[in-house]
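Colleague: So the sequences go chain by chain: A and B. All letters in the first sequence, in the order written, are residues 126 to 572 by my numbering. All letters in the second sequence, in the order written, are residues 5 to 535 by my numbering.
The reader is advised that the hints may include incorrect statements.
[What the hints assert, rightly or not] Below, computed lysine-lysine pairings styled on DSBU-like, alpha-carbon distance capped at 35 Å: (1) A:K267 to A:K568; (2) B:K269 to A:K267; (3) B:K244 to A:K267.
[Unchecked claim] Incomplete in silico selection of chain A near chain B, CB under 7 Å: (4) T184; (5) T258; (6) A262; (7) I476; (8) L477; (9) D517; (10) G519.
None of these hints come from the bench; they were simulated from the model. Using N, Cα and C, we set each Cβ at its ideal position, and we do this for glycine too.
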Amino acid sequence: MGGNKARRRAAGWRAAWLILALAVLGASPAAATSTRPEPQAVLRDWYRLVLELVRHTPTYSPPVASRAFAYLGVTAYEAAAGGSDALVPLAGQLNGLAPAPARETGAAYDEALVLHAALSEGAASFFGNTGPTGQRAIAAMKTRVGERIAAGIDPAVAVRSAAHGRAIAAHILAWSAADGGALVENMGFPLAYAPGAEPGTWRPTSTIAQQQAPLLPAWGTNRPFAMPEGASCPLPPPPAYSEADGSEFRRQAEEVRDAVRDLTPEQRAVARFWSDDPMLSPTPPGHWISIALAVLDEDGTDFETQAETLARLGVALADAFIGCWHEKYVHDLVRPVTYIRRSIDPAFEPILATPPFPEYPSGHSTQSGAAAVVLTALFGEARAFEDATHADDGLPARRFPSFWAAAEEAGISRLYGGIHFRAAIERGLDQGRCVGAYAVALKTRAP
Amino acid sequence: MLLALLLAAGPALGGEAAPAPAVPRFVEETSAAGIDSTYAGGWEYMVGGGAAAFDCDADGFPELFLAGGEATAHFYRNRSGRAGPLRFERDPASGLERDAVTGAYPLDVDGDGQLDLALLRVGTSLLMHGRGDCRFEPANDAFGLQAFDAWTTAFSAAWERGAALPTLAFGTYVDRREEMFPWGSCTPNRLFRPRAGEPDRYGPPLELAPSFCALSMLFTDWNRSGTPALRVSNDREYYKGGQEQLWRLAPGEAPRLYAEAEGWKVLKVWGMGIASADLDGDRFPEYFLTSMADNKLQALKGPAGPDAAPTYADVALARGVTAHRPYTGGDVRPSTAWHADFADVNNDGRLDLFVAKGNVSEMPDFAANDPNNLLLQREDGTFEEAGDRAGVASMRAARGAVVEDLNLDGRLDLLVVNRNAPAELWRNASDTPGGFVAVRPEEFGPNRDAVGAWIELRRADGSVSRRELTVGGGHAGGRLGWRHFGLGADEGAEIRVLWPDGEAGPWQAVEAGGFYRLARGAAPQPWTPPR
Chain A
126 MGGNKARRRA
136 AGWRAAWLIL
146 ALAVLGASPA
156 AATSTRPEPQ
166 AVLRDWYRLV
176 LELVRHTPTY
186 SPPVASRAFA
196 YLGVTAYEAA
206 AGGSDALVPL
216 AGQLNGLAPA
226 PARETGAAYD
236 EALVLHAALS
246 EGAASFFGNT
256 GPTGQRAIAA
266 MKTRVGERIA
276 AGIDPAVAVR
286 SAAHGRAIAA
296 HILAWSAADG
306 GALVENMGFP
316 LAYAPGAEPG
326 TWRPTSTIAQ
336 QQAPLLPAWG
346 TNRPFAMPEG
356 ASCPLPPPPA
366 YSEADGSEFR
376 RQAEEVRDAV
386 RDLTPEQRAV
396 ARFWSDDPML
406 SPTPPGHWIS
416 IALAVLDEDG
426 TDFETQAETL
436 ARLGVALADA
446 FIGCWHEKYV
456 HDLVRPVTYI
466 RRSIDPAFEP
476 ILATPPFPEY
486 PSGHSTQSGA
496 AAVVLTALFG
506 EARAFEDATH
516 ADDGLPARRF
526 PSFWAAAEEA
536 GISRLYGGIH
546 FRAAIERGLD
556 QGRCVGAYAV
566 ALKTRAP
Chain B
5 MLLALLLAAG
15 PALGGEAAPA
25 PAVPRFVEET
35 SAAGIDSTYA
45 GGWEYMVGGG
55 AAAFDCDADG
65 FPELFLAGGE
75 ATAHFYRNRS
85 GRAGPLRFER
95 DPASGLERDA
105 VTGAYPLDVD
115 GDGQLDLALL
125 RVGTSLLMHG
135 RGDCRFEPAN
145 DAFGLQAFDA
155 WTTAFSAAWE
165 RGAALPTLAF
175 GTYVDRREEM
185 FPWGSCTPNR
195 LFRPRAGEPD
205 RYGPPLELAP
215 SFCALSMLFT
225 DWNRSGTPAL
235 RVSNDREYYK
245 GGQEQLWRLA
255 PGEAPRLYAE
265 AEGWKVLKVW
275 GMGIASADLD
285 GDRFPEYFLT
295 SMADNKLQAL
305 KGPAGPDAAP
315 TYADVALARG
325 VTAHRPYTGG
335 DVRPSTAWHA
345 DFADVNNDGR
355 LDLFVAKGNV
365 SEMPDFAAND
375 PNNLLLQRED
385 GTFEEAGDRA
395 GVASMRAARG
405 AVVEDLNLDG
415 RLDLLVVNRN
425 APAELWRNAS
435 DTPGGFVAVR
445 PEEFGPNRDA
455 VGAWIELRRA
465 DGSVSRRELT
475 VGGGHAGGRL
485 GWRHFGLGAD
495 EGAEIRVLWP
505 DGEAGPWQAV
515 EAGGFYRLAR
525 GAAPQPWTPP
535 R
């Protein structure tokens, strides 16, 4: 599936960054001026770092990651919209977002500096709890890239631009503080939790002590972005719990058992490709951000389109996790590994680590569906692309004929991995369609 | 293995709760003992901070070496008397007090009867050759050890069959020059084997590729095949596509990783330290892996033996050793674990577990007040926390540690190295009734300390305790010297050595309270501390 090409692309990324770093660290002022990055390069560099920070910040489970992608996307978008005749601010469209600080009338701004200042502040805040290496990286990006962007710029413009970027970031951060997701304790696991008494309710599936309670049980009550509330995209109940032969629930469990037992190499590769484990990958929402960045890069898109895409996608991903988590704790369903070991095969071993929270619906399916809705609206139904998100981890790139093909593969990967029943996948994708539509309905372009 | 499975199922199967183990009493004597050392430094010293204990002046009392990071490392001669208060005297003339040291492991590289020391450093690591009376000099060139520049954070050594020099494994961490994108920049681990045709010098290093930012390495005979393999615990914070590793080192062959097809199960943790012990009496070691928010205790699954698959089950939760969160002090955030060691601190005949704890560096998601663990083993094989009751629940940011009998009273004392805070030394002043025996195998030939041997102690009730003699593991530091066994109320025991070449020595009687030298083919030689 294009593995060599993916590795070449990853190597190209590294080479490009090396050239950038060399220019920052050692080039003459003239050379630095000649390579002064455009705003879209600043945006891509910060997003590359943010994808690493998501992976390397322990609190960044997928819901938490999606929240950061949304706020940072909106930060970049509002920073861009303030200097663009083509973009319409999202203030007034997103729940609780007031108009961003205005620019001085008639004053000059440098868009790269505005963006860099805004994302520097945003990243430092949203990843304030990252480890010493992440802090070191944020500081280095802020300082070294900032110096490079400012080279050759009128100092007054530079000061004004940076101040405006910081003001945008402060505005977004203030907005984010009261959404219910700002404070995540104990990596999102309650210190105490009493599982439901019924056999169909979720039980811990891990030997990790922290995970004897499920992840972020109140996340579904957070304030969404474009979706009115966490309950705005409800789902019908999953098949009724039953251990009886011939019941729909047992049939779906047997399907998971059989799938894991009879996995083909391709199905195994699919399961691993979309595993997107927290702390070992950019997480499922980061995977879709990575896809979007690749498409934006391949299309050579302008800054406005990049900011628009990352804002819409971030909003959709964050709302998807809020909506999905809302339904997870409404239905509180047992995981396949618990049911299958209890009722079918005590030796059942899924090939993926079962996530530590209720089963229905599948989070990856919901957010992949929402992402596919947004990206299809922006780039078309037949936009083929190559996904090299995991090239650095040695997983070959995969090529898809459309965003929906990728979303459906992400969904079914959870069945191959032995961690979801089919109903959670299919209805998760349905929920994603509902959630994504809210992000698509946002007005971003001026008439 | 049945016992192992029963233990894995947890204490519920045991019926009534096991009686509580005796809690040892530790008395903090750092300043009084003359220890004043801090592992200091910024980002490049957020890991490391190891300590080593070894006797280099032949009085039987272990000296102490503490890594200093950006500051100078400290070496202390042991001036304690038997069963007296702990007393140490700094000796700056040893040759060991160097900067940029992250850790140290003692071993007698050239079999001259003088312990040497592997100094792990940010920069060039050094093999320090012992010249006697605690004088050391750099010997990389003398041993043909090709220097390399790295952030070195792990070490282990083992004598491959018939070799005149031990095979040395150096584990390295991140490319420290990568500032904005250090993730995925793990530098190569290196393996030094004796040079072909020139067996008293090392050949060029082999890169143990892939390398995944090792923070602990341990040569260990996991399947009792007689050929140790190299376990490597890696920090998932920095690797991409990485995992925990087990390298097979067949004599004369290139190292080869055990693969999933052979039963190796992928495990990805913030690997920081390894402690090993045969806890369940099945002859095969279990492995405790320290990490963040969660620690693993791995027990071999399936049929054991030389043909066993390297498949492990995590029994930490069942055994009560997850040690995932502070147990005292009110900070409920997850813990960060570093050095770990199994040792019988209350002399009841069961191995206990010490774990050094401390935040990496102002990571707000993790406990800032993170007390060290002292987990005491109960009769049923589960553990209970006693760090606070024993007096070692320090809230400083611990890294390395040594659990060692420093005043030769038969009770294990404790040294902990802290990051950017003074080290702490505790004397075990327990009045618990258990007896002990301490032994020191002595081998002929180059491997003087019988690294790779197993000591077995058989008690009156027929139970057998085992210790594998290794160099490596823990976090950035190790010990070499007396091997301690608690005896409970027993007045003596039988002991034997399974030598590295596979020869099983005879069972021989030893008395409680005794120190014995165990030479191959000879009766245990009682030894009395000189003061």
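Colleague: Work down the list of hints and note, for each, if the structure agrees.
Modeller: Comparing the hints with the structure gives:
1. With a C-alpha separation of about 31 Å, the suggested pairing of A:K267 with A:K568 holds against the 35 Å cut-off.
2. The hinted pair formed by B:K269 and A:K267 fails the criterion: a straight-line CA distance of about 40 Å is larger than 35 Å.
3. Under the criterion of a C-alpha separation no larger than 35 Å, the hint pairing B:K244 with A:K267 is consistent with the structure, at around 25 Å.
4. For the restraint placing A:T184 at the interface with chain B, the shortest Cβ-Cβ distance is roughly 5 Å, inside the 7 Å limit, so the hint holds.
5. Because the smallest distance between the Cβ of A:T258 and any Cβ of chain B comes to about 6 Å, under 7 Å, the interface hint for this residue holds.
6. Below 7 Å, beta-carbon pairs count as interface contacts, and A:A262 has one with chain B at about 5 Å; its hint therefore holds.
7. Interface restraint check: A:I476 against chain B, minimum CB-CB distance 10 Å, threshold 7 Å, status violated.
8. With a cut of 7 Å, the hint placing A:L477 at the interface with chain B is violated, because the nearest CB-to-CB distance is about 11 Å.
9. Nearest Cβ of chain B to the Cβ of A:D517: about 4 Å, under the 7 Å cut. The hint holds.
10. Look at A:G519: its Cβ gets to within about 4 Å of chain B, closer than 7 Å, so that hint holds up.
Against the hints set out earlier in the document, violations occur for numbers 2, 7, 8.
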